[in-house]
Amino acid sequence: MNHLVIVPLLLPLLAGVALIMPRSLTTPVRRALSAAAALALVGVSLALLLQVSGGQVQVYRLGNWPAPFGIVLAADRLAAMMVLITAVLAACVVLYAVRGADRGGRYFHGLLQLQLFGLNGAFLTGDLFNLFVFFEVLLIASYGLVLHGGGPERTRAGLHYVVLNLIGSTLFLFAVGTLYGILGTLNMADMAARLAELAPGDLGIVQAAALLLFTVFALKAALAPLHLWLPGAYGHTSAPVAAMFAIMTKVGAYAILRVYSLMFGPDSGPAAGLLDPWLLPLALLTVVAGTIGVLASRRLAQQAAYLVVVSAGTLLTAFGLGGTAAVAAGLYYLVHTTFAAAALFLLADVLGKARGALHDSLVAGPGVPQGQLLGGMFLLIALAVSGIPPMSGFIGKLLILQSSLGSPWMPWVFVVLLVTSLLGIMALARSGSILFFKVDPAASAAAAPRLGDLGAPLALLLTGIAMVVYAGPLYEFSQAAAIQLLQPDDYLDAVLQAGSGALPR
Amino acid sequence: MEALFSIAIGVLTACGVYLSLRGRTFPVVLGLTLLSYAVNLFLFVMGRLTIGAPPIIQGARADYADPLPQALVLTAIVISFGMTAFVVILALRARAELGNDHVDGGEPPR
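Listed in order, the protein sequences are those of chains D and B. The first sequence lines up with residues 1 to 505 when you count with our numbering. The second sequence lines up with residues 1001 to 1110 when you count with our numbering.
Be aware that a few hints might be false.
[Unchecked claim] For each label pair, taking beta carbons as the anchor points, the in silico distance ranges come out as: (1) D:Gln56 to B:Ala1096: 52 to 62 Å; (2) D:Ala443 to B:Glu1107: 28 to 38 Å; (3) D:Glu197 to B:Val1078: 32 to 42 Å; (4) D:Arg298 to B:Glu1107: 21 to 31 Å; (5) D:Leu198 to B:Glu1002: 19 to 29 Å; (6) B:Val1078 to D:Val29: 48 to 58 Å; (7) D:Arg298 to B:Tyr1018: 29 to 39 Å; (8) B:Glu1107 to D:Ile483: 49 to 59 Å.
[To be verified] Sample of chain B residues at the chain D side, in silico, Cβ under 7 Å: (9) Pro1027; (10) Leu1030; (11) Leu1032; (12) Leu1034; (13) Phe1042; (14) Met1046; (15) Ala1076; (16) Val1078; (17) Ile1079; (18) Val1087; (19) Val1088; (20) Arg1095; (21) Glu1097; (22) Leu1098; (23) Pro1108.
Treat the hints as calculated values from the structure; they're not laboratory data. Here the structure is a predicted model, which is why all the values come from computation and not from measurement. Note that beta-carbon positions come from the ideal geometry of N, C-alpha and C, so glycine has one too.
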C-alpha cells in the first residue's frame, strides 16, 4: 500500500497539534514550524501528483480493511491537483501571515494547519461520512480563523457564517443518513455500484437525498441563492484568512464534481443526470448576483469577496455544462481563480495598511507611496481576475466559452460571462483609479507600504503568469483529470479491488 | 414504534427550524440544538428499528441490529456537541461586542 496518500493528512495534523499546545512555543518557533510544515506539504503534494499523473488511482485503506467495510483514501489526478494547489496557497498565506498578521491570536498557525488537515482530507477521502467529518474539521478550524483578530464586524459576520454552516452540517447528515438507509453503504464507489441496481421504488427518495446533499455543497460553494453569507464572512475577516478561504468555495465545487460524477454520472443507471436542470442556471445566476455585488462594493476586500462569488459561479457554469472539455476548462479556471482571488485579498490588505484609517474603503485618500509598484500589481491582478488577456483568467474563460459551443445553453453562457467580465473590469478600474489616482489633499499622509509584505501576493501573481506560459501542459493535465473523473471505472476498480473476488455483502 | 419515532423526529425538526429562524441568538442556538437532536435520532434509525438483536456476531443468531449507524451517531453527537459549545461562546461574545443579542448585531428599526 502506498503510504504517501495519507502524508498530506498526517503532516498538517501533527503540525497543528504541536502548534495549539498553549504557551509551549514562542512566536518565532511557531512561525518557523508552521512555515516548515506548509513548505513540506508542497513537496509531499508534488510527489503525490507525480505518482498519480500517469493515471493510476492510488488507494489507501485505513487499517487495511477491504473497501466497502473500512474507510479508504483515494488519490486520482483531480484530488492530487486540489491537494497541491491548497498546499501552494497555504505556503503563500503563511509567508504573508508571519510578517505580522498572525499576531491577532496565538492559535492562528495551529488553526491554519488543522484547516489544511480538513481540506486535504475532504479532497482525498473516498467515503461519504468521512467527507462529512473532514468538512466539520475544516469548518471548525475556519470558525476560529474567521474570528481571528476580533472586532464587532468580524464577530457579526462570523456568527452568520457559523450558524449557516451548522444548519448545512445538519442537512448533510440528513442526506447521508437517508442514502445509507437505502443503499446500505457509505463508500462512494460502492454507493455508485449499488445505485446502478436501485429498485425503482427507491428512486424518489434517493433523488431527494441527493438533492439535499447538493444543497449542502451549494452552500459551501456559494451557489446562488446560498451565496449571501460569503461577502460578509470573507470581506470582514483578516487578509491571510480571506486568502486561505479562496480554496473553501472550491471544496464545495469539488464535492459536487466528485459525488455527482461518481454516483449520478451519465452511465450511473436510473438516477443519472440528476443535477442537469439545476446546476447551470443557478451558476449563471450566481455570476450575475456576484457581479452586482462587485459593482456596489465600497471596500476593496468586499469587492474581492464578491469576485470570489463570481468565480464560484463561473466555475460551476463549467461543471454544469458537463463533458470532458467543459470540466477540463473548469479545472484550469479553478487553479487560476484560487490564486488570483488570494492575491487580491493580500494586496488589498497591504494597500489598506498604507492608507491608515481609510483602510481599503473606496474613497479618495492620500496618495500611496510606491504607487507605481502597488498600482502595477493591482492592474495585473485585476486583469487576471476579470479575465482580460494576457493573464490566466482570460485563458480559463476562453476555454469555458469554447466548451459551451454546441450546448443549448451556449447563448446564455456567452452573454452572462462576457457582460459580467466587462462589468467586472469596469468596477475594478474604478476602484484602481480611486485608490491610486484620486488624491484627497486633506487626508492625512499615507504610510509607506512595507515592501516585504508584497512577497506573498507577488508569488501568487507569478504562479498565475506561469499558468499562462505553461497553459498547454496544464490544460492537457486538466483534460486527463477530467477524463479520469468522468469515466470513473478505474477509480471504482481501484477502490473496490476488482478481481479480488466477491466480497460478502 | 416506527410511527412514534418518525413523529418525534418531525416535531424536533419543525421546532428546530422555527427556532433557528428567530431573531435573537438564544432561540437560534436552541434551534440548532434541536435540529442536531433530530438528526441524531434520524441517523440512529437508519439502521432500522430492531429490539433485542445484537449488533455484533453471536453464535447462530440470524437477526442483527446494524452497528454502523450507532457508530455514525456517536461521531455526529460529538461533533454537534462541540459545535454547540462553540456557538454558545460566540453568541456570548457577540452580545458583549455588539451590545445586543440580535443575530444581525443591531436592534431592527421599529
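Going down the list of hints, with the structure as the test:
1. In this structure the hint that glutamine 56 (chain D) and alanine 1096 (chain B) lie 52 to 62 Å apart at CB holds, the actual value being about 55 Å.
2. At about 33 Å, the CB distance of alanine 443 (chain D) to glutamate 1107 (chain B) agrees with the hint of 28 to 38 Å.
3. Against the hinted window of 32 to 42 Å, the Cβ-Cβ separation of glutamate 197 (chain D) and valine 1078 (chain B) comes to about 34 Å, which satisfies the hint.
4. Between arginine 298 (chain D) and glutamate 1107 (chain B) the beta carbon distance is about 23 Å. The supplied range of 21 to 31 Å therefore holds.
5. Remark: the range hint 19 to 29 Å for leucine 198 (chain D) to glutamate 1002 (chain B) is upheld by a beta-carbon distance near 22 Å.
6. Our hint of 48 to 58 Å for valine 1078 (chain B) and valine 29 (chain D) is violated, since their Cβ atoms are close to 31 Å apart.
7. Distance hint for arginine 298 (chain D) and tyrosine 1018 (chain B): a CB-CB separation of about 35 Å, consistent with the stated range 29 to 39 Å.
8. At roughly 56 Å, the beta-carbon separation of glutamate 1107 (chain B) and isoleucine 483 (chain D) lies within the given 49 to 59 Å, and the hint holds.
9. Proximity of proline 1027 (chain B) to chain D is violated relative to the hint, the smallest CB-CB distance being about 11 Å (cut-off 7 Å).
10. A least Cβ separation of about 12 Å between leucine 1030 (chain B) and chain D goes past the 7 Å threshold, and the interface hint is therefore violated.
11. With a least beta-carbon distance of about 5 Å to chain D, the hint placing leucine 1032 (chain B) at the interface is held under the 7 Å criterion.
12. Of the supplied interface hints, the one on leucine 1034 (chain B) is violated, with its beta-carbon coming no nearer than about 10 Å to a beta-carbon of chain D, more than 7 Å.
13. Among the interface hints, the one on phenylalanine 1042 (chain B) holds; its C-beta lies about 5 Å from the nearest C-beta in chain D, closer than the 7 Å criterion.
14. With a least beta-carbon distance of about 4 Å to chain D, the hint placing methionine 1046 (chain B) at the interface is held under the 7 Å criterion.
15. This hint holds: alanine 1076 (chain B) has a C-beta 6 Å from the nearest C-beta of chain D, less than the 7 Å allowed.
16. Proximity of valine 1078 (chain B) to chain D is violated relative to the hint, the smallest CB-CB distance being about 10 Å (cut-off 7 Å).
17. At its closest, the beta carbon of isoleucine 1079 (chain B) sits 5 Å from a beta carbon of chain D; the interface hint therefore holds under the 7 Å criterion.
18. Taking 7 Å as the C-beta contact cut-off toward chain D, the hint placing valine 1087 (chain B) at the interface holds, the least distance being around 6 Å.
19. Interface hint at valine 1088 (chain B): violated, since its Cβ lies 11 Å from the closest Cβ of chain D, which is beyond the 7 Å cut-off.
20. For arginine 1095 (chain B), the interface hint is violated, since its Cβ never comes within 7 Å of a Cβ in chain D; the closest pair sits about 10 Å apart.
21. Interface restraint check: glutamate 1097 (chain B) against chain D, minimum CB-CB distance 5 Å, threshold 7 Å, status holds.
22. For the restraint placing leucine 1098 (chain B) at the interface with chain D, the shortest Cβ-Cβ distance is roughly 5 Å, inside the 7 Å limit, so the hint holds.
23. Interface hint status for proline 1108 (chain B): violated, as the beta-carbon distance to the closest one in chain D is roughly 14 Å, over 7 Å.
Figure legend: structure checked against the earlier numbered hints; hints not met, in rising order: 6, 9, 10, 12, 16, 19, 20 and 23.
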